[in-house]
Every structure is written in C-alpha cells, then in structure tokens.
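In terms of full-length UniProt numbering, the sequence shown is residues 1 to 178.
These aren't lab readings, by the way, just hints derived from the structure by calculation.
Yeah, the Cβ is synthetic: ideal placement off N, Cα and C, and Gly gets one too.
You may find that some hints are simply not true.
Label pairs and their in silico Cβ distance ranges [what the hints assert, rightly or not]:
| # | residue 1 | residue 2 | range |
| --- | --- | --- | --- |
| 1 | R54 | S170 | 11 to 21 Å |
| 2 | R114 | A150 | 12 to 22 Å |
| 3 | E57 | A15 | 40 to 50 Å |
| 4 | Y48 | D128 | 29 to 39 Å |
| 5 | D128 | I19 | 42 to 52 Å |
| 6 | S170 | E145 | 32 to 42 Å |
| 7 | R54 | E129 | 27 to 37 Å |
| 8 | V122 | A161 | 31 to 41 Å |
| 9 | D128 | W23 | 50 to 60 Å |
| 10 | A161 | A51 | 16 to 26 Å |
| 11 | D107 | L35 | 38 to 48 Å |
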Amino acid sequence: MAKNVASASVTRQDAVASIVEDWRRERPDLDTAPLEVFGRLHRAFLRYSAAISRPVEREGLSMAGFDVLTALRRAGAPFRRTAGELADSGLISSAGVTLRIDRLERDGLILRERDAQDRRVVHSRLTDEGLSTIDKLFAEHLDNERRMLAGLTPAECRQLARLLEKLERSVLAAQEDA
C-alpha cells in the first residue's frame, strides 16, 4: 500500500511547519505542539473532504444525503430505519434529517413506509435505485480513501487509526472538562 510520496512533499512547502516556526520565533514562550497535530489534521481533513465529496456531488447528492444512504445500506436488508435511528446512527445529526429524507425520496432513492405493527412509526427504505447508487458510490468512496492512504503501510494505517481513536477520546474528555 505504501507509495513513495516524497516527490509531492519535496515540491510543496510544509505550511504547518512554517506556521509553527513563525509562532516559535514570535512567541517562544508558547508550546506549539498542539498546533502541529491539529494543524495537520485540519489540512488533511480539508483535502480529504474535497476529494470524497466530488463523486457524491457528481451523482447529484450532498454529503448529508450520502450519509443517510450509507446508514440505510449498513442497516442490512430491508435497508430501512426510522428518522430517529438515522439520527442516532453515528454520522448524521438530528437537525435536518427530515429534509434529507424528503430530498432523497423526491430523487427516488428512498421510500417512506409505515410500520405494519405501529402505524405511527415511519421507516425510510432504500429503493432499488438507491441501493444501486449507494453500492456504486461507497465502492468509489473506499477506492478514494485507499488512494489517499497509499503513502502509508498497512501497519501505519492501523497505528494511525488507533492514535486517532485515542485522540478522539482525549478531545471528548477535554470538552467534558471545559
């Protein structure tokens, strides 16, 4: 998986290193170690976000719509969830779930169905077109992510995933302490 990415890094100046160097010069009393971590995470996220959104937008979807479709697909057959389950599924905020469902239904990618046992409950379900669309897009999504990780070995990817999980817990703990 690892690919030589030295040529890309040699031709471009490391913006985070420059920023850190500037701060060390201007404020040597400050520890800039957090900036090195979060600056790189932020820059990587911006590039990642732009790269993964292109194929989704080419299909006429938003990333929010993509997240709804992936949540329905992950549910397994019959590929349905309630709006509340979608909001709780991990990557989708509760704000605007109904608007996303409306748009996807209008586009023919999902259907709303009343629960057979409790008519008050409404499920959103992937249509055949929705299933086909998300299967194609998610495969492309993983290919994009694989390309972005090509400069890392499989062991480095596993190590990075563990470190990012630890960082996420640390960030959550800091928010709870604040």
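To see whether the hints hold, each was checked on the structure:
Distance hint check: the CB atoms of R54 and S170 are about 31 Å apart, inconsistent with the given range 11 to 21 Å. A C-beta distance of roughly 47 Å is found between R114 and A150, which places it outside the suggested range of 12 to 22 Å. For E57 and A15, the Cβ-Cβ distance of about 26 Å falls outside the hinted range of 40 to 50 Å, so the restraint is violated. Checked against the given bound of 29 to 39 Å, the beta carbons of Y48 and D128, roughly 31 Å apart, stay inside it.
One distance hint, 42 to 52 Å for the beta-carbon pair D128 and I19, holds here, with the actual separation near 50 Å. Separated by about 24 Å at the C-beta atoms, S170 and E145 break the suggested range of 32 to 42 Å. One distance hint, 27 to 37 Å for the beta-carbon pair R54 and E129, is violated here, with the actual separation near 21 Å. V122 and A161 have their C-beta atoms about 36 Å apart, which keeps the hinted 31 to 41 Å range intact.
At about 55 Å, the CB distance of D128 to W23 agrees with the hint of 50 to 60 Å. Judged by the Cβ atoms, the range 16 to 26 Å given for A161 and A51 holds: they are separated by roughly 19 Å. Taking the beta carbon of each, D107 and L35 are about 42 Å apart, inside 38 to 48 Å as hinted.
Hints 1, 2, 3, 6 and 7, counting from the list given before, are not met by this structure.
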